Amino acid sequence: MLKTVLNSFHREAGARLVEYAGWEMPLFYSPGATEEHRIVRRSAGLFDVSHMGRFRIQGPGSEAFLDRMITSSVKALEPGESGYGILLKEDGGIIDDIFLYRTGNEDFTLVVNASNLNKDWDWLNHFAGEYDLALSDESSETSLFALQGPSVIPVLEKLTGLALDKEWARFAVMDLTLEDIPFMAGRTGYTGEDGVEIFVANNRALELWNVILKSFSEHCEISPCGLACRDSLRFEPGFPLYGHELNEEILPPEALLKWACDLKGDFIGKEAVQALLEKGLEKKLITLSLTEKGVPREGYEVLSVEGDVIGTVVSGLYAPTVDKYCANAFVPPAFTKPGTELQVSLRGRVKKAVVEKRPLYRPSYR
Amino acid sequence: MEIKYAKTHEWAAKEGDLYICGLSEYAQDKVGDVVFVELPEVGAEVEQGAPFGVIESVKAANDLYSPLSGEVAEVNSTLEDEPELVNSSPLKDGWICKIKCSDESFDSLMSADEYEAFLKEQED
Numbered sequence: 160m161l162k163t164v165l166n167s168f169h170r171e172a173g174a175r176l177v178e179y180a181g182w183e184m185p186l187f188y189s190p191g192a193t194e195e196h197r198i199v200r201r202s203a204g205l206f207d208v209s210h211m212g213r214f215r216i217q218g219p220g221s222e223a224f225l226d227r228m229i230t231s232s233v234k235a236l237e238p239g240e241s242g243y244g245i246l247l248k249e250d251g252g253i254i255d256d257i258f259l260y261r262t263g264n265e266d267f268t269l270v271v272n273a274s275n276l277n278k279d280w281d282w283l284n285h286f287a288g289e290y291d292l293a294l295s296d297e298s299s300e301t302s303l304f305a306l307q308g309p310s311v312i313p314v315l316e317k318l319t320g321l322a323l324d325k326e327w328a329r330f331a332v333m334d335l336t337l338e339d340i341p342f343m344a345g346r347t348g349y350t351g352e353d354g355v356e357i358f359v360a361n362n363r364a365l366e367l368w369n370v371i372l373k374s375f376s377e378h379c380e381i382s383p384c385g386l387a388c389r390d391s392l393r394f395e396p397g398f399p400l401y402g403h404e405l406n407e408e409i410l411p412p413e414a415l416l417k418w419a420c421d422l423k424g425d426f427i428g429k430e431a432v433q434a435l436l437e438k439g440l441e442k443k444l445i446t447l448s449l450t451e452k453g454v455p456r457e458g459y460e461v462l463s464v465e466g467d468v469i470g471t472v473v474s475g476l477y478a479p480t481v482d483k484y485c486a487n488a489f490v491p492p493a494f495t496k497p498g499t500e501l502q503v504s505l506r507g508r509v510k511k512a513v514v515e516k517r518p519l520y521r522p523s524y525r
Numbered sequence: 015m016e017i018k019y020a021k022t023h024e025w026a027a028k029e030g031d032l033y034i035c036g037l038s039e040y041a042q043d044k045v046g047d048v049v050f051v052e053l054p055e056v057g058a059e060v061e062q063g064a065p066f067g068v069i070e071s072v073k074a075a076n077d078l079y080s081p082l083s084g085e086v087a088e089v090n091s092t093l094e095d096e097p098e099l100v101n102s103s104p105l106k107d108g109w110i111c112k113i114k115c116s117d118e119s120f121d122s123l124m125s126a127d128e129y130e131a132f133l134k135e136q137e138d
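Line order of the protein sequences matches chains S and F. Mapped onto this note's numbering, the consecutive letters of the first sequence carry residue numbers 160 to 525. Mapped onto this note's numbering, the consecutive letters of the second sequence carry residue numbers 15 to 138.
It is worth saying that the hints were derived from the structure and are not from the lab. A quick note: this is a predicted structure, and the numbers were derived from the prediction, not measured. Ideal placement from N, C-alpha and C gives every residue a C-beta, glycine not left out. A portion of the hints provided could be inaccurate.
[Claimed, not checked] Far from chain S by the CB rule (all over 10 Å, computed), these chain F residues: (1) 16; (2) 17; (3) 20; (4) 47; (5) 54; (6) 70; (7) 73; (8) 94; (9) 96; (10) 98; (11) 120; (12) 122; (13) 132.
[Stated by the list, open to error] Derived DSBU-like pairs (lysine-lysine); straight-line CA-CA distance at most 30 Å: (14) F:73 to S:511; (15) F:73 to S:442; (16) F:28 to S:510; (17) S:452 to S:510; (18) S:452 to F:134; (19) S:511 to S:496; (20) S:248 to S:483.
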């Protein structure tokens, strides 16, 4: 199993370790997943997400190349900005969802899901030859942390002496230093809270991790956080997770990601997306909650009130902030209106459910 | 009160003319935060080693196996609203149900020492 630079910390902290996309990663630490979720919502949490892939794209052809590969507009990104996008097959199926950092005019870093790293690498290389650029896999050169929660920016202001909240826009990138450790940070994240994602050289990563935990704990509540709460934190604001809400059989509009497709631009899969929009969707992502007791899980059938199978659960969990048992599922458009009554079959036991208004939790920075 | 254990990590102990059951300290720690408990039904016939409920943790649904053969006499309905009691008090407030059964069923379970040795074996 692959190990991040922080592995020794996770072990010593007594985290429950699990295999995730070939990596040994913390599922939760001593507070437990539900409490870690609440700590991020009320103060600050630190996640090791170094398992995620990072590709560097440099050279005069990089902008045109990425604009073709990614659904969102790369031209619209100024150096020092970042944005969300999707890689599509020609038929519009989703290869991966990504985050693109433009660090220079001809210099980009693409953050991809660990589970899709090899597939993305092959896909990008398949087209890269036509462009004047250099593509490299820098995944093992840096460590990646997510530092998330309402206390993050205020405490970083105290620690750096900078007026970050005013001068640092959402999705913008900054070079910062804490106790002489330099790192790059984006005001980004995937929890629905304000915060930053940090790229740091591997040889300073453990040191920076410990500096963050120690210096933050002098100003606010902070905990290391595992993958379990990362899932519930992304679920509540309605962020998709590859392998659940996204896969190669799903097109962006079905997963409510039309907003991430720049239909004025040109990208691989655009024709398929347009054709689907013209034809009309046959299935669409919803969030539902159970109105009877039980936990909906991935793979459970979603039924109409008449008892017809209309879809399948792709993610299901207890959502701590809204205190409900919730699921995401793809169903025909006729069943997507908030308030629509549905049912979910929990291993043969049919429970009542209702379509929720999305998002369950409005991101604090919006 | 003597507590005995099943290989499937449930415990049982005699309480009056019934046996009270729950999930072991070890198992609650292993599954992590419990977010829902599907309790057996009062009056249901249960069989030692057969599934009789579900513990839903943050990440997965885990079957609960009856540590005894008999009839469910009472369930801990507090768990419907406070499933976290299984984590915070697995041997006391987080009990799952009470079963009416013969003593033989109970005698076949592992003692606390035997269970500890069994866990050690499992870990190796």
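Here is what the structure says about each hint:
1. 16: holds, 30 Å
2. 17: holds, 24 Å
3. 20: Since the minimum Cβ distance to chain S is about 22 Å, residue 20 of chain F lies beyond 10 Å and the statement holds.
4. 47: Violated, because the least Cβ-Cβ distance between residue 47 of chain F and chain S comes to about 4 Å, which does not exceed 10 Å.
5. 54: holds, 13 Å
6. 70: violated, 4 Å
7. 73: violated, 6 Å
8. 94: With a cut-off of 10 Å, residue 94 of chain F comes too close to chain S, as the shortest Cβ separation is near 6 Å.
9. 96: About 12 Å separates residue 96 of chain F from the closest Cβ of chain S, which puts it past 10 Å; holds.
10. 98: Label violated. Min Cβ-Cβ 8 Å, cutoff 10 Å.
11. 120: Holds, because the least Cβ-Cβ distance between residue 120 of chain F and chain S comes to about 29 Å, which exceeds 10 Å.
12. 122: holds, 28 Å
13. 132: Check passes; 21 Å lies beyond 10 Å.
14. F:73 to S:511: holds, 22 Å
15. F:73 to S:442: holds, 26 Å
16. F:28 to S:510: violated, 35 Å
17. S:452 to S:510: holds, 8 Å
18. S:452 to F:134: violated, 36 Å
19. S:511 to S:496: Roughly 16 Å separates the two Cα atoms, so the pair holds.
20. S:248 to S:483: Violated, at roughly 36 Å.
This entry does not satisfy hints 4, 6, 7, 8, 10, 16, 18, 20, going by the numbered hints stated previously.
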